[in-house]
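Asker: One letter stands for each residue in the lines below.
There are 2 protein chains.
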Amino acid sequence: MAEMKRQMSLNCFLFGMGHHEAAWRFRDADPQQMMDIKYFQRLAQIAEEAKFDSVFLADGLSGGKSFSNFFEPLTFLSSIASVTKHIGLIGTVSTTYTEPYNLARYFASLDYISKGRAGWNIVTTGSEDAAYNFNKNSHLEHVKRYERANEFLEVTTALWDSWEDEALTFDKSSGDFADSSKIREIHHVGPAFQVKGPLNIPRSPQGYPVLVQAGSSPSGREFGARFAEVIYTMQSNIEEARQFYKDVKARLLKYGRSGDQMKILPGVAVILGETESEAREKEQELNALINPEIGLRRLSALTGVDMFSYPLDGPMPELPDAEQINGQRTKYKIFVDLAKRENLTIRQLLHRTAAGRGDFTIVGTAAQVADQLEEWFLTRACDGFNIMPPYFPGGLEEFSQKVIPELQRRGLFRTEYTGSTLRENLGLSRPVNQFAAAVAER
Amino acid sequence: MAEMKRQMSLNCFLFGMGHHEAAWRFRDADPQQMMDIKYFQRLAQIAEEAKFDSVFLADGLSGGKSFSNFFEPLTFLSSIASVTKHIGLIGTVSTTYTEPYNLARYFASLDYISKGRAGWNIVTTGSEDAAYNFNKNSHLEHVKRYERANEFLEVTTALWDSWEDEALTFDKSSGDFADSSKIREIHHVGPAFQVKGPLNIPRSPQGYPVLVQAGSSPSGREFGARFAEVIYTMQSNIEEARQFYKDVKARLLKYGRSGDQMKILPGVAVILGETESEAREKEQELNALINPEIGLRRLSALTGVDMFSYPLDGPMPELPDAEQINGQRTKYKIFVDLAKRENLTIRQLLHRTAAGRGDFTIVGTAAQVADQLEEWFLTRACDGFNIMPPYFPGGLEEFSQKVIPELQRRGLFRTEYTGSTLRENLGLSRPVNQFAAAVAER
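Taken in order, these protein sequences are the chains called C and F. For the first sequence, position 65 matches number 65 in UniProt numbering, and the numbering has no gaps at all. For the second sequence, position 324 matches number 324 in UniProt numbering, and the numbering has no gaps at all.
Okay, chain C solo, but in the shape it has when bound (with noise of 0.2 angstroms):
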């Protein structure tokens, strides 16, 4: 029997009216649409007969002067749920502003809800703003932070394991409905988190939720190795994606873990066209509709230096060192690397930033995007992508139609789904329960 070909994992980064910038202003765009939830509904469904992975939905908790999502990932995922039945739904949820036990609770209930298609994206969330809205007078310090999610992980993990797959009996005549022997209490003590357990959900189709996370400093990588079986990556050329890739597989080795554990998925911008020249035109008329205000104030805050007082036609300001930076460093660095590298003026930054803001950018067609995606993949820049299309829905039915197809043909991608859970689509193995398997083992 021949082996099975490696193939793509692709996952739908669904944003607003379009990754790009300015996507709620392009051609016949209705912005209204994303307070609608069936607008929503309709792009996931797109994106499940193209058979993507997953649909994956970012969040914040701070803003409202700037836009990107205005729904909450948690309910939102819960009702895509309803309307689709392979696509998996992976969702942000911080670590620093929530329970260990609200949230086992919440992606459980998900896991259930959609039987099996949860996903948890992980992060610790940099920006100052969300401190003030939790109570804070300043945010925790980057190592802090990778410290409590490192045991939030250990909690919610415990959890989610704190009943056996065959804890429930139900058993009529009896009167017994589960086998309390099965069920356990954590006991976790720890400096950030005291959780006794059990959750009062029992263990989901999954296990547990398909783990996610991207955080790229040596502490997000080491947080990585240990617990994520999918990373979310921003790469901005296939060199740096290459050593990225090795380096953080060749950690998974230290806990016990297999390099096909953990799926690498680089974000990626596609802007398509019949031809290349049509592709740079479409982005030349996304770029003319930013408004450079909305991309200084989001520039400002990434770098902490106020852009406005800069001239937007000049070269880029002086800016602190990357360690300085409590926040989204590593896009910090991209975004600095690439104004020194091509000597961009402000304004010119913004631009080659608007479509991906800061992820990998394809302009051409079909088959140059394809080509890319192939030799990025074959040779080991990744697993598979994370689809950021510049405007929806027709980004995301141009790439389903032409990108999808294409690599269907070159054998790097599913014609169907395989696995009824994402688990299985992803080809990651169910947890084994730790309860369950530290009895089997005395």
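There's no promise every hint is true.
Put simply, identical chains are the same to the list, so a pair is met inside one copy or across any two.
[Stated by the list, open to error] Using 25 angstroms as the maximum straight-line C-alpha spacing, the simulated SDA-like pairs for lysine to any residue come out as follows:
1. 331 - 129
2. 182 - 31
3. 136 - 98
4. 85 - 217
5. 5 - 410
6. 51 - 115
7. 144 - 164
8. 172 - 288
9. 172 - 312
10. 246 - 304
11. 136 - 153
12. 144 - 98
13. 196 - 301
14. 340 - 98
15. 136 - 150
16. 402 - 347
17. 172 - 273
18. 38 - 164
19. 115 - 418
20. 38 - 51
21. 182 - 166
22. 282 - 347
23. 115 - 221
24. 331 - 412
Everything labelled a hint here was simulated from the structure, so no lab data went into it. As the structure is a computational prediction, the values presented were derived from the model and not from experiment.
Got chain C sorted already, so can you dock chain F onto it with the hints?
Answerer: Here is chain F on its own, set in the frame of chain C:
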């Protein structure tokens, strides 16, 4: 034009396989369905077909060795929203174990997802066991919990008002998506919370979710009078229900609120038969299925007394004063009074409270049930009911097919939904935005 006749509000209280403790063992019940969202979606659709105002999911933050609902309310209701159009979606969330910024987002998002059908049942979580899952060695005292709840509501209502209804402009030509003068930071600083705001979700269709509450203690009633628009209450007889109704409505004046802006809905467990004796037989059939161990565990938790150390067919032991109960005090009083008044053995008390767990229980024909509901409603013991079918789906189907048409014939209940939001169907006004109103007054 004739004044419209006052009509009942009816809520359908979803609860596992039914409210009777032994529902999951009853006849052809399939308890595996409790893990299947499609089962609950169908229940919500039956309730919507019958024109119930809302479905309601209770919640707890501990447990595991007993069961009721395995779904978490916010994810559950978001999923139900996708397969229904009119019915309100009310979920329990605790103010003691969540953060106001998170909670405000969950419900704003659910209100968008459901297009204005969200309701929040506000609880303060009296259970000691929940505290152990949230980093506490003991739980907050009753009074402290309500102090926190009051401040929690001040914060969440301010967050929900932090965007004016007209804040979003989506001006494609200028590139401005919002009128930033209509989006405000709230700068809340109080003993329990510091929250800067604004929320990162615009003001939702209902302004904010319908606020529901069930506390019956003096601090609970005062909190309800200040904030609650719907009151769930446990009343064991019509006289006490009338006193409660009068007391709570009188408290509204102090907060400048009118009586019609609060709906008081006692819980009612209804066991129906074609004849009264058939209904009684059904009750006995259900009671014969009770596993006394589960009842004793529940009774021990309620009273703080180990009921396993007393003979099941002997009298109730001496019990502490209600004031010593830091938990469900009202329910405790009802149980103790009932046992004393009717001189019940422990087993008899378990049987008498098995269907409604302390809530008023009616056993009889559809006409008998309608008579009692009508009397309670017309004599101002309530504004409607929180209906607790003893078993699902049968108990809900029978109520819908037999009692509701009888109430409709008497002009006591709607025959069609007239509003498009839960607020409109309940006859509650949409809240005025506190910040916009303050500006208008200047």
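Asker: Run every hint past the structure and note whether it holds.
Answerer: Hints, one by one, checked against the model:
{"no.": "1", "hint": "331 - 129", "in the structure": "within (18 angstroms within a copy, 43 angstroms between copies)"}
{"no.": "2", "hint": "182 - 31", "in the structure": "between (50 angstroms within a copy, 19 angstroms between copies)"}
{"no.": "3", "hint": "136 - 98", "in the structure": "both (14 angstroms within a copy, 15 angstroms between copies)"}
{"no.": "4", "hint": "85 - 217", "in the structure": "neither (36 angstroms within a copy, 46 angstroms between copies)"}
{"no.": "5", "hint": "5 - 410", "in the structure": "within (11 angstroms within a copy, 69 angstroms between copies)"}
{"no.": "6", "hint": "51 - 115", "in the structure": "within (17 angstroms within a copy, 29 angstroms between copies)"}
{"no.": "7", "hint": "144 - 164", "in the structure": "neither (32 angstroms within a copy, 37 angstroms between copies)"}
{"no.": "8", "hint": "172 - 288", "in the structure": "between (67 angstroms within a copy, 13 angstroms between copies)"}
{"no.": "9", "hint": "172 - 312", "in the structure": "between (73 angstroms within a copy, 22 angstroms between copies)"}
{"no.": "10", "hint": "246 - 304", "in the structure": "neither (31 angstroms within a copy, 58 angstroms between copies)"}
{"no.": "11", "hint": "136 - 153", "in the structure": "both (22 angstroms within a copy, 19 angstroms between copies)"}
{"no.": "12", "hint": "144 - 98", "in the structure": "both (15 angstroms within a copy, 22 angstroms between copies)"}
{"no.": "13", "hint": "196 - 301", "in the structure": "between (39 angstroms within a copy, 17 angstroms between copies)"}
{"no.": "14", "hint": "340 - 98", "in the structure": "neither (38 angstroms within a copy, 45 angstroms between copies)"}
{"no.": "15", "hint": "136 - 150", "in the structure": "both (21 angstroms within a copy, 20 angstroms between copies)"}
{"no.": "16", "hint": "402 - 347", "in the structure": "neither (32 angstroms within a copy, 69 angstroms between copies)"}
{"no.": "17", "hint": "172 - 273", "in the structure": "between (62 angstroms within a copy, 24 angstroms between copies)"}
{"no.": "18", "hint": "38 - 164", "in the structure": "between (37 angstroms within a copy, 24 angstroms between copies)"}
{"no.": "19", "hint": "115 - 418", "in the structure": "within (15 angstroms within a copy, 35 angstroms between copies)"}
{"no.": "20", "hint": "38 - 51", "in the structure": "both (20 angstroms within a copy, 24 angstroms between copies)"}
{"no.": "21", "hint": "182 - 166", "in the structure": "within (7 angstroms within a copy, 54 angstroms between copies)"}
{"no.": "22", "hint": "282 - 347", "in the structure": "within (18 angstroms within a copy, 76 angstroms between copies)"}
{"no.": "23", "hint": "115 - 221", "in the structure": "neither (30 angstroms within a copy, 41 angstroms between copies)"}
{"no.": "24", "hint": "331 - 412", "in the structure": "neither (29 angstroms within a copy, 62 angstroms between copies)"}
Checked against the numbered hints listed earlier, the structure breaks hints 4, 7, 10, 14, 16, 23 and 24; every other hint is satisfied.
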